[in-house]
Every structure is written in structure tokens, then in C-alpha cells.
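Go by the hints and put chains B and C onto chain A.
Protein chains in written order, with my numbering: chain A, 3 to 224; chain B, 93 to 410; chain C, 869 to 1351.
Be careful, since some hints might not be right.
Now the stretches of chain C that chain A is said to cover, found in silico as 3 or more residues with beta-carbon under 8 Å [unchecked claim]:
no., stretch
1, 990-998
2, 1007-1021
3, 1029-1035
4, 1070-1082
Where chain A lies over chain B, by a calculated footprint (3+ residues, C-beta under 8 Å) [unchecked claim]:
no., stretch
5, 150-160
6, 384-393
Only part of the chain A face toward chain B is listed, based on derived beta-carbon distances under 7 Å [what the hints assert, rightly or not]:
no., residue
7, Ala19
8, Gln61
9, Ile100
10, Pro103
None of these hints come from the bench; they were simulated from the model. If you're wondering where the values come from, they're calculated on a predicted model, not measured in any experiment. Positions of the beta carbon are idealized from the N, C-alpha and C atoms, including for glycine.
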Amino acid sequence: MTSSIPLSAQLINLFAAVILLLGFAMLAQRRMLSLINLFALQGFCLFLATLVAAVTTGQVHLFYSAGLTLALKVLLLPWILHRLVRQLKVKREVEALINIPTTMLVGIVLVMVAFNVALPISELSHTITRGTLGIALAVVMLAFLMMITRQKAISQVVGFLSMENGLFLAATSATYGMPMVVELGIALDVLVGVIILGVFFFQIRDQFDSLDIRHMEKLKDN
Amino acid sequence: MISISGLLGQAFAILLALLLAPLLSGWVGQCRAWFQSRTAPPLLLPYFMLQKLFNKDVVLAHNASSLFRAAPFVIFGCMVLACAIVPTLSTDLPFAPAADALALVGVFGLARIFIALAGMDVGTAFGSLGGRREMLVGFLAEPALLMVFFTLAMIAQSTSLVTIVETLAYRELVIYPSLAFAGIAFTFVSLAENARVPVDNPATHLELTMIHEAMILEYSGRHLALIEWAASLKLYAYSCLGLALFFPWGIAPGDNFFALVAAIPLLMFKLAIGGFLLAGIETVNAKLRIFRAPEFLGTAFMLAVLGLLVRLLLEVRV
Amino acid sequence: MDFFVLMLAIPLVSGALLTVVGERDWAPNLNIVASLGTFLAAVGLTGEIIANGPRFAFGEQFFIDSLNVFFVSLTAFVGLTTSIFSGPYMKNEREHGRLSVPRLRLYKGMYQLFMFTMLAALTTNNLGILWVAMEAATLTTVLLVSLYRTSASLEAAWKYFILCGVGIAQALFGTILLYFAAERVLGESGNALLWTHLIDVKGSLEPTIMALSFIFLLVGYGTKVGLAPLHNWLPDAHAEGPTPVSAVLSGLLLNVALYAILRCKVLADGALPNGYAGNLMIGFGLFTLLVAAFFLSRQKDVKRMFAYSSIEHMGLITFAFGMGGPIANFAGLLHMTMHSLTKSAIFFAVGHATQKTGTQLMEHIRGLIKINPLIGWGLMLGTLAILGMPPFGVFASEFMILTHAMKHFPWATPILLLALGVAFAAIFGKVQPMVFGETTAKRLPHAPAMTPVFLHLGIVLMLGLYIPPYLTRWFHEAARMLG
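Just chain A, same shape as in the assembly:
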């Protein structure tokens, strides 16, 4: 019965649910800056979920992981993205490739798929947060969908980062986090990736006078 779930697991479930909700909100969001803020908020929920898991289990590396999430996903990356958006002046709305309600419906289907895929696995998990594995997979898939449907380069990157959020949630929920050295490596990769992309945005804009990737359709097999 439901009453047997400890409070910490309930809290993590709640945060996971909010992360999923934010995933949908990002899917629906048209404005760049709001999109980045939503991403930061998602990172913050991930931070809280990891923190609760850390406090409950008393595992030190989860504290580090939470701190890493806070520093990178809540503060640093949104700050970089904010700066980029301002400098590149791409505040205006982006029209999605598919209209938003359709995207949402596809998103719902993806969530169902993710939940079904994860169900047999989460039943095997012994951690307090096993239910969240399905949510994590759903977040990954939603971010994937966002990357497919969006036209602007920055929203694709936000989608990519949101996918990383989902993966971290998966790592926290299924296994209480990956070994520290791996998490550090992943964080470093993400950071370097965003910096490289930041440089990249400027090159793309200089070449195409726009950050709209619809211009990038020249390379095709004719």
C-alpha cells in the first residue's frame, strides 16, 4: 500500500514528477529565456532530489553529485545560455516544426512507452526511489523529442542538456549515482560541450545570419 513509502521517497517522487512536468513545459515553451529558466528550474529539482537521496542514504558522493548539479546545471550553464541568448539576440519565439498540441500528444505517448519499458526494471530495484527510473527515461525521451522538433540551435542544446538531466535522474534513482570519477567526467564533458557550442553559435550566426537550423539543409544525398 501507499502508506509504506517513506517520506524521503515521496519527496524524491514528487521532485521527479515535477522534473517530468518541467520537461513538458519546456516542450511547450516558445520563448528562449523562459526555456532556459525552465531548464534551470529542472536542474534545481534534480538537485533537490539528489540532495534528499543523499541525506537519506548518507552517501557522500551523492552530496558531491548534488553540488555538481547545483553549480553546473542551475547556475553556470543557464548563465552561459542567458548570456548567449542576449548576445545573439534570439529572444523571439521559435515556431516548432510540429504544432505544440501534437508535440504534447506525442510526448504523452513517449511517456507511456518509457513507463512501460522501465516498469519491469524498477521492480527489480532495491533503492527507495525505484519508481523514478521510468520518469527519468521519459524525461530523456521528451528532451529527445524537443531536439527533433525545434528549429533554433539554442533550443536543441537546451534539449540536449535536459536529456542529461534525465540521465542524472536515472543514475540517482536506480543506483544512487554513478561512481564519482564518472560523474565528474560527464560533468566536464557537458561543460566543455556547452562552451564549444557557444563558440559554434557565433560561427553559425556569422555564416547564416540566423540561428535557425532550417538554413542548414544543404547537405543531402541528392
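Relative to chain A, chains B and C alone:
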């Protein structure tokens, strides 16, 4: 089975609904005025309106059918019934077994059909325009509302509103993420169903955007009074439903008389806060274009489905 | 000093040095010297492994056995020859005004860092670090692909980053699931991602989780291998990046990604004895082979065409490893070696050819044999080798794969023959007029470095005629490790 106190409580709840509903509308109007830095209309304005309208003669269009005349009574009756089913003060409601949550959706649907038919009955352009839009909104809002009820029904293992409220009000404290989803979805649906701002604006007669007002343009006198009153009752019913489902604390269990008495000020307090928040939402948001309304309600539906899924994944233990 | 530490330290330090110090006259030489040092260290390491057997490094985080030391030496060798090739090639590009001095600095720095990430990916024992190194390899090559800063190269790099980023994210999810499965057996000791520990308990890993995990890993790393339908980035990145980058992408990066899949397949096979992982790889491999073969005939850009040829061969190798067993694994490893050497040689030749003619469009490249017989013959022989003509080594490995398929998977034989035939017709039909025919090309300011081309082709030819017994033993041992 049906106790005297239960009957009394039921009668009192209906009476309270009839009395409080216009007050709630007035309160929301007043809060909106404050938010928009306007001079607030008097709190009792809706009562004055009702009194004025009841005292006026009815003017009917030449081609109005009997349906046009019967509709206000049907709509009013539906809303009174809805208010009777929703546990506002106590969970000891003799009427409750008559209709569960799904039937409540049906009651609202019946009222909607009548108001849309009445709107089209006279044959004016605005009437049929409003009727069509109302049906569009309803067509999208109803599944979302049903999904919300399904989520709650899964938690309570019953579709009876009384059982749901009892389960939620007297359980130990468990965080249900699904309830958060359902709550947001319910708020969206309530805004749409009560012709509130992101979907419709009850305070204007702007012809291009209106929905609810377009349907009732042809009404006057006591018919209009009944419809206005029914609209207030609908808002009241939705507010009480939201409070009962998502903030059920303080609703009197069974036939406990003192708890019932204590529930009244608590209910009024919760309604006041709810009305204040509603006015806030209406002020902060701009009205959507009518073609964006499906998107808004689609979001509500999506949230409700998500709530259901989250319920299945996170909260059900095999 | 330890060969292993040396092998990782040289590219890392020289990469940093080349980035910081900038483009000097000696920079190309430093690039070559560093690659040579890496290669020598790799050779030393190989000798050590052959003599003493598998070893660990940095605690248990790195592990070198006969399987990955084979890839390490191959990687270091192709890295060396590519750096030799890129010396005059990049000078010519600069004279043509296609590259500025800062870009050359970026190129050399990133080239060494790319070598470092690949060697780290190959030698790590930790599947998490393997992922990190693969992602880092993507990041370094993204900058290399967009080196020309033309709109086409930016588009290619963007596609490359996004597709591989998505792919590699799937691989991370697979790794998390794998860790999850392993943690149930190995406990929370932090060893649960170490391959040497995993291999001991592979039989007791939860099959449900491993099945899902392997799908994610295969799709994720498969994106980097270029398995259809996630291969779209590969032709673009190969066609628009500088030719040395195309050579190392095709010759090395694809191998490393495939290596990652192989490591995971061993674990999945342990948990799922019914050949689940192998069947998935057979399916993906055959599909990739077919798709690539039929796309080959539609190509107009020479580098794009050979990129598709890489996809085709990756499909074939994936198929071979999917069949499993000592013979197929042996053939797969042999084919990987042959393909690396041959394809990088072809790209070297193609690079010089496009520089001479100033275009990558095949219909404008004519009469290479008249411009420069070395380039012409290099391209022709390389093409014949990659198409599997005897006596080159690719023939031997393809023949082994084919005969093994006929024996154990007869239904796949017609598909293989069809794909190989279509590919042969497409490539040969297009290369032949490029090599022979009339020409309009001009002289280059810097003489092309043709040594790497013929060095590679010579080795491929030699291996086609005669495989030294120690190499056979080595291949056999590596193949045995793959089960």
C-alpha cells in the same frame, strides 16, 4: 440510513450554496478590481443584479421556442444539483449516492447542452457562434475533467465523491505527485468551464471573443437572473469541488454537528482565498485567442493523463 | 618510464602545448614527433603485453589485454601516418587560403587531444570512463569538422554534434542500466563499472536489465559507428571536414566506437546466453550494409562516397561480430584492421587529388594518373583493396566472413553478396574515370606525402598474402576473448 441530521445538513448545504454563490462572484470581481487598481464594485453587486433582473419583465424573441424558456430552469436545476452532490461542509450527504464524480460531469454537460441549444434557438448569429464555441471548449474540457476524476478515483478506489474526499481528508500525510498534476489540470479546466480569463472573459461583451455572453445575449428578466445565478453556482460548485478534492481539511466527517459548524467559517475562508487567487490568475494572464483555447485545454488533458500515469508508476505498489 | 603512461601523456601534453604555443614553423614537426612518440610507446606497450600478459594501470581504472592493445597499436600507427600526411596537406590548404594560422593551431591541438581521448577510451577498464572518453572524442572532432568555417562544414559539424550527442546520451543510459544491473551483484563498492569485475559475474547479471541496457548501448555507440539509420552525420562530417580528419574518423573513431560495443556485447552475452546481443548486431549490421551500398551509387562527392563505403564496411564488421564464434570474430578483427589501413590510405590519396583539382566533385576530377602517377595509382590500388580484390587483405577477411555466413547464416549470404556487388559497381565505376582520362589540374606548392598511402597499402597487401604467425596468434587470442 438517511438520518435527520443528514437531511438537514444537505438542505443547509444547498441553501448555503444558493446564498454564497453570488457573494463569491462579487468577491472575485472585487479582487480583480483591486488588482487592476480600479475602484472596486460593491461586494454585494451580484445580489443587486439578481434582484433587479427578477423585477424586470421578460422580453422574448418572436421565434423563441419553449426550449428557450425552459432552458434557464434546467440549467439552474443542474447547478443546484451539482452543488448538492459536491461535499462542501460535510461528507454526510443523502444525495451523494445519486451521483458519483462521473455523473457530476454529466450534470455539467447537460447544463452545457441546454445553454448551447438555447443560444442557437433564436437563430441570431451570436447565439450560434457562442454555442459552437461553448461546445468546442466543453468537448476538450470534459475528457480532462474525467481524467482528473480517474486519477482521484484510483487513489480512493471509488468514483464516489464522498468516498474520495473521505479518503483524502482522513488519511495520513502522503505526498501524491499525481495529485499535483491533477490539481493543475483541474484548475485549467475550471478556468475554461467557468468562462474565466485565459479562455473567455465574463466581464466583457467583445463580440469577437466572447463565448458565454454570446449565448445568453437574448435573455432578459428572470431568465437572465436564473442564468446568472446558475453561473455563480457553477463557479461555486467548481471552487468547492477543487477545495474538497485538493484541500479537503476541515470538511466535517459524518454527522458530527460541531465539526459541521466549524466547517462553515473554514469553507468561507478557503473560498475567499480561492477567489483571490482566481482574480490573480485572471489579472496576470491575457485572454487567449479562441484558436489557442484547444492548446490550453489540451495541456490540461495532458497534465491529467500524466497524473494518471505518474499515479500508476510511482504510487502503486504491487 | 611506463609505456602506458607515456602513451597517454605524450598526446595530452603535446596537444596542450600545440594549443597554447600556437602555430610555429616547428609545429607540424612536433605534431609528427608526438605521434611518433605515441606510436613507439604503443609498440612498447604491445611488446610488454605480449610478453607479460594483461596488466592494470592507475589502480584498476585502466586495463590492457590482447584485445585492446591490438586496437591501441593500430590507432597509434594510423595516427602517426595521418600526422605525416597532414603536414604538407595542411600547408597546401594554407597556401590556398582555406585555413588561417589560428585554425592550424586549433587543428594540431585538437588532433593530439583526439588521439588522447581515443587511446583513453581504448584502454580504460571503467565503462563510465569509456563513455566520457567517447564523448570527449566527439567534442574534439566537432571542432575539427567545422575547421573550414564554411556554411556546409558548420552544418556538418552541427549535425555531427547533435546526432552523436543524442546517440551518446542513449549510451549513457545504457551504461547506467548496466551499472544498475552490476550493482545488484557487485554491491556499492565502486567496482561495478570495472570491466574486469563485470566479466567475472557476467552470468549472474539480471537478464531483463541487460537486454534493455544492451539495446541502449548498441544504439548509442552504434550512432558513432555509423550504423543505419543513425548514420546521417557520417557522410557530412567526412565530406566537409579536412581530409586528415576524415581519415582518422573513418580509420579510427569508428573502430573505437565499435570496440565499445564489443566490450558490452561480451557482458550481454554472459547474461543472455540465447544470442540476443549477436542477433541484434546481425540485424543492424545487415541493414547498415544494404543502406550504405545503395546510397553509394548516388554520390557525387568523392569523400562522401568513401564515407558511405566506411558505413558499409562497419555494417559488415558489425555483422561479423554479431555472428560470433572464433572464426567470425577473427575475421571481424582482421577486417577492422584492413579497413582502417585501406580507408585512411584512400583518404590520403583523395585528399591530394582534391587539392590538385580543387574540387571534391567526382565528375570534375579526371586523369589523376597524368597529374601525378603516385596519387593516381594510390587511389586506384586503394579502391581495389577496399572493394575486396585479391590479393589485398580485405579480400581475406571478407572471404572469411562470407564463408562463415554461408555455413551458419545461409539466409544472409544473398544479402551480403548483393550489397558487396552493388558497392563494387558503384565505387569502381566512379573511381576509374577519376584515375584515367583527361586532366586540367595544376601543380601544388608543397609536394604530397605519398609514403603513408603506400605504407598502408603495402601492409594490407602483405597481410593479404601472408599473416605473420605472431599476428595470427594475437588475433586468435583477441577473438577468443570476444567469445
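Cross-check of the supplied hints:
1. 990-998: It holds, with 3 qualifying residues against the three required.
2. 1007-1021: Check passed, 8 qualifying residues.
3. 1029-1035: As far as the stretch 1029-1035 of chain C goes, the hint holds, because 4 residues have Cβ atoms under 8 Å from chain A.
4. 1070-1082: Holds: 4 residues of the stretch 1070-1082 of chain C have a Cβ under 8 Å from chain A.
5. 150-160: violated (count 0)
6. 384-393: holds (count 4)
7. Ala19: Interface hint status for A:Ala19: holds (3 Å vs cutoff 7 Å).
8. Gln61: violated, 22 Å
9. Ile100: violated, 13 Å
10. Pro103: Given a least distance of 4 Å, the restraint on A:Pro103 holds.
Comparing the model with each numbered hint stated earlier shows that hints 5, 8 and 9 do not hold.
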